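Colleague: I would like the entire structure built from these sequences, with the hints used as guidance.
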Amino acid sequence: MLRRQQMAEQEPKERITNFNEVALGFTEEQAIEEAKRCLQCKKPKCVDGCPVEVKIPDFIKHVANGDFDSAIKEIKSINALPAVCGRVCPQETQCEKSCVLGKKGAAVSIGKLERFVADYERSKGMEVHSIPDFTGRKVAIVGSGPAGLTAAADLARMQYSVTIFEALHDAGGVLTYGIPEFRLPKEIVKAEVDYVKKLGVTILLNSVVGKIETVDELFSRFDAVFLGTGAGLPVFLNIDGENLNGVYSANEFLTRVNLMKSYRFPEYDTLIKKGKRVVVIGGGNVAMDSARCALRLGADQVTIVYRRSEEEMPARAEEIEHAKEEGIIFRLLTNPVRIIGDGKNWVTHIECINMHLCEPDESGRCRPVPTPGTEHKIEADVVIIAVGTSPNPLVPRTTKGLDITKHGTIIAEEDGATTRRGVFAGGDAVTGSATVISAMGAGKKAARAIDEYLKGK
Amino acid sequence: MSFKILKKEELVPTIYRMDIRAPRIARKAQPGQFVMLRINEKGERVPLTIADFDREKGTITIVFQAIGKTTMHLSSLDENDDIQDFIGPLGNPAHIPKDETVILVGGGVGVAPVFPQARTFAEAGNKVISIIGARSANLLIWEKRMREVSDELYITTDDGTKGHHGFVTDIVKNILESGTKVDRVVAIGPPVMMRAVAGVTRPFNVKTIVSLNSIMVDGTGMCGACRVLVGNETKFACVDGPEFDGHFVDFTLLMNRLAMYQPEEKIAVEKYKCERQGCLC
Ligand SMILES: Cc1cc2nc3c(=O)[nH]c(=O)nc-3n(C[C@H](O)[C@H](O)[C@H](O)COP(=O)(O)OP(=O)(O)OC[C@H]3O[C@@H](n4cnc5c(N)ncnc54)[C@H](O)[C@@H]3O)c2cc1C
Ligand SMILES: Cc1cc2nc3c(=O)[nH]c(=O)nc-3n(C[C@H](O)[C@H](O)[C@H](O)COP(=O)(O)OP(=O)(O)OC[C@H]3O[C@@H](n4cnc5c(N)ncnc54)[C@H](O)[C@@H]3O)c2cc1C
Ligand code: SF4
Ligand code: SF4
Ligand code: FES
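Chains S and L, in that order, are what the protein sequence lines are. Per my numbering, the very first residue in the first sequence carries number 1; after that it's consecutive. Per my numbering, the very first residue in the second sequence carries number 1001; after that it's consecutive.
Simulated from the structure, these hints should not be mistaken for laboratory data. Do not take every clue at face value.
Okay, derived cross-link-like pairs now, DSBU-like style, lysine-lysine, Cα gap no bigger than 30 angstroms in a straight line [what the hints assert, rightly or not]: (1) L/1162 <-> S/261; (2) L/1098 <-> L/1207; (3) L/1057 <-> S/190; (4) L/1266 <-> S/344; (5) L/1271 <-> S/186; (6) L/1162 <-> S/276; (7) S/186 <-> L/1004; (8) L/1098 <-> S/261; (9) L/1271 <-> S/198; (10) S/377 <-> L/1273; (11) S/197 <-> L/1028; (12) L/1173 <-> S/274; (13) L/1028 <-> L/1127; (14) S/73 <-> S/97; (15) L/1273 <-> S/274; (16) L/1207 <-> S/197; (17) L/1057 <-> S/261; (18) S/400 <-> L/1098; (19) S/276 <-> L/1127; (20) L/1057 <-> S/276; (21) L/1042 <-> S/138; (22) L/1235 <-> L/1266; (23) L/1207 <-> S/261; (24) L/1057 <-> S/138; (25) L/1042 <-> S/274; (26) L/1042 <-> S/276; (27) S/400 <-> L/1273; (28) L/1004 <-> S/274; (29) L/1207 <-> S/276; (30) S/198 <-> L/1273; (31) S/261 <-> L/1271; (32) S/344 <-> L/1004; (33) L/1057 <-> S/186; (34) L/1004 <-> S/197.
Just so we're clear, the structure is a prediction, and the values are computed from it rather than from any experiment.
Modeller: As structure tokens, then:
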């Protein structure tokens, strides 16, 4: 059996001094070798594992034949953002988890192949073959994250005239403000956004729906509205000391670093506290990204504090692996109790308690319980809280008849239809924090539902 | 899309007024709301109160004090220059009372955001008593505008060069002690001033609204940088405010958090001056 190809990466020692991409991509030879490992299963299990059902064996076959143009066409007929998905999908729990080769040895590197093909296309310049004729029907999309971009691209292809309203000064949602450059270069996000624009989609930046215009007002110009507003509201722990200087929500920390490029201060104006001893609370991708950014800003020591064990960590396996290689300390089964200051309002320590796992809770994960008497302090001049986010209430609060759950998520049917006629929703705004590919899947479904809704009107 | 500076005026040394072309925001703006702007690609996002708006001309007026890198850079721009990003209207509109007697207090550059409220309050039939203060007479802004919309106008200067020699709080206290029935006080200015006003009105039990100027990044409730404690509850100034009941605001926390980036702010200003005026370092 052929061996799984290893992708070249920047050495840990070197990469922690820069924000350049860590994984460097396959060479053509490597991609072809890796593609040849695929057994071209008659009933490909891998496809069932992909939330948008990319025709995996079909595109891989083209790669094995060295026909990268056909490969990208195949992927793009289903997935509009392959350069992104190839980099950030949790493949080990999705497509690659289901690959038959994984049962005995190593699964086919589906994500890395997807990335390779998308990078190949971008290097020659992405083309839009035909700009669709618009039917005259108009759809407004709120939010330019993966859900909004995907819905927009699909609706444009169905000949609707589409306008995206984005609150921030750059498009891309979490891809732009959250996920760091070293994991997803912004140039790639920009290329994907440009591609959507080339399909004829208009993007209005700096436009906070609910403020500059409400959804109700959008209906004077648009026939349907899609809400892809994400889950951007930071959750705090509600423990003592959380408002001390030096304590950040992960959203603030990552927005300053990624969207505002404060890692390039003073060339860029936005400020960031560069901690020497940084503690990050949480165990997801957001925590890994925060920790690795803090390290690259020059911290001597970065510690991740997570209340469960490594098995329960929701972060992608590759990110945990990379974080470890880079020297980030993991304090597992540890929970913060309070944050301690120096009396002048600056953080100096965080007090934690050890946890142990009991029987699984309703989420199926083992419930962590504090072990009395194990309180201890960790030194910290910057603390980053990455324990989750919930949807921003701005749009629901200003939209008549749009119902939300008690967690703040928008109530929507499987196809995205909300409780308000003509308003559809999808992505993190409906599910709470999830994944890029699931948000894209929701955008796709909603585009189809909007098409049916408008045809029936 | 960019946003053109249609008019620029230096009101007094270091305080500038600009009218920015932003028709979509002007259509929606209400007193009490603010905008965030980013001058160019490398700029930071800073919040500024909407000091006036003209729906017909499609303009938003901002008034700002050049105290740091961004506001200094902004003050160096001229009419017809563009600002890259201009986002709003953000925050909640001010509550407009009816048939009340209201004291409006503006300190320093804070006089500007008080103005549209004073005008709207007057139009809604309230009795408007305005108190505007500055360090010195030559730093006092918008006296004429404020006079036009106020039933009574008091002026204070720290050094006594105009009006009452002392602080705005002295006048607030005098009015309340004189027995005038006051339904509401609105105070906008430096945090120390707002804290002092809230302190004076507390024993009289007069509702006191303040507008909090915490550090902000996005201005849409996404980052939590602007968090403040009000009645021991964490609130985000950008979406829950910027106006809050001054009697419940933790001003010490607000001031501590405003000082968070002082060393970095200094570096930014020095670098800016170096580039502008030739390096002396
Ligand atoms: C740091 C971080 C790392 C992550 N890493 C991964 C990963 O490796 N793999 C993975 O699969 N997933 C990852 N995720 C999760 C993934 O990014 C999200 O699930 C996904 O981006 C959700 O897409 P969305 O389109 O629903 O929303 P978002 O990407 O959140 O986009 C929502 C957009 O809507 C805009 N918006 C909100 N309200 C308004 C309004 N009122 N008016 C106008 N615009 C508005 C926002 O500004 C934003 O641009 C990560 C998330 C974070 C935060
Ligand atoms: C909702 C809101 C509305 C605002 N409206 C206005 C406005 O209409 N006009 C205006 O001039 N400013 C206003 N501000 C404050 C303004 O945003 C800041 O002054 C601005 O960010 C300064 O940026 P800078 O880079 O020039 O200075 P920085 O380098 O960020 O600041 C320089 C120093 O000044 C201190 N400082 C900043 N603001 C104040 C303040 N208001 N009072 C006392 N000290 C302060 C800072 O702590 C810092 O030490 C508002 C703030 C908020 C949150
Ligand atoms: S989109 Fe994601 S899950 Fe689907 S095949 Fe590509 S990498 Fe795998
Ligand atoms: S399951 Fe694995 S081997 Fe089979 S088609 Fe999919 S990628 Fe190829
Ligand atoms: S400025 Fe980010 S939440 Fe208020």
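Colleague: Each hint: holds or not?
Modeller: Checked hints:
1. L/1162 <-> S/261: violated (46 angstroms)
2. L/1098 <-> L/1207: holds (15 angstroms)
3. L/1057 <-> S/190: violated (34 angstroms)
4. L/1266 <-> S/344: holds (20 angstroms)
5. L/1271 <-> S/186: holds (27 angstroms)
6. L/1162 <-> S/276: violated (50 angstroms)
7. S/186 <-> L/1004: Holds: residue 186 of chain S and residue 1004 of chain L sit about 28 angstroms apart, inside 30 angstroms.
8. L/1098 <-> S/261: Not satisfied, since the Cα-Cα distance of roughly 46 angstroms exceeds 30 angstroms.
9. L/1271 <-> S/198: Roughly 40 angstroms between the alpha carbons, so the hint for residue 1271 of chain L and residue 198 of chain S is violated.
10. S/377 <-> L/1273: violated (43 angstroms)
11. S/197 <-> L/1028: holds (28 angstroms)
12. L/1173 <-> S/274: violated (45 angstroms)
13. L/1028 <-> L/1127: Distance ~26 angstroms between residue 1028 of chain L and residue 1127 of chain L Cα, so the pair holds.
14. S/73 <-> S/97: Answer holds: residue 73 of chain S to residue 97 of chain S is near 24 angstroms, not above 30 angstroms.
15. L/1273 <-> S/274: holds (23 angstroms)
16. L/1207 <-> S/197: violated (51 angstroms)
17. L/1057 <-> S/261: violated (35 angstroms)
18. S/400 <-> L/1098: OK: residue 400 of chain S and residue 1098 of chain L at ~27 angstroms, within 30 angstroms.
19. S/276 <-> L/1127: violated (55 angstroms)
20. L/1057 <-> S/276: violated (51 angstroms)
21. L/1042 <-> S/138: violated (34 angstroms)
22. L/1235 <-> L/1266: holds (28 angstroms)
23. L/1207 <-> S/261: Judged against 30 angstroms, a Cα distance of about 42 angstroms means the pair is violated.
24. L/1057 <-> S/138: Answer holds: residue 1057 of chain L to residue 138 of chain S is near 28 angstroms, not above 30 angstroms.
25. L/1042 <-> S/274: The given pair, whose Cα atoms are some 19 angstroms apart, holds under the 30 angstroms limit.
26. L/1042 <-> S/276: holds (25 angstroms)
27. S/400 <-> L/1273: violated (51 angstroms)
28. L/1004 <-> S/274: Distance of about 35 angstroms is beyond 30 angstroms: violated.
29. L/1207 <-> S/276: Measuring from Cα to Cα gives roughly 45 angstroms; hence the hint is violated.
30. S/198 <-> L/1273: violated (42 angstroms)
31. S/261 <-> L/1271: Satisfied, since the Cα-Cα distance of roughly 17 angstroms is no more than 30 angstroms.
32. S/344 <-> L/1004: Between residue 344 of chain S and residue 1004 of chain L the Cα gap is close to 43 angstroms, so the pair fails against 30 angstroms, i.e. violated.
33. L/1057 <-> S/186: violated (37 angstroms)
34. L/1004 <-> S/197: holds (25 angstroms)
The structure does not agree with the numbered hints 1, 3, 6, 8, 9, 10, 12, 16, 17, 19, 20, 21, 23, 27, 28, 29, 30, 32, 33 stated previously, though it agrees with the rest.
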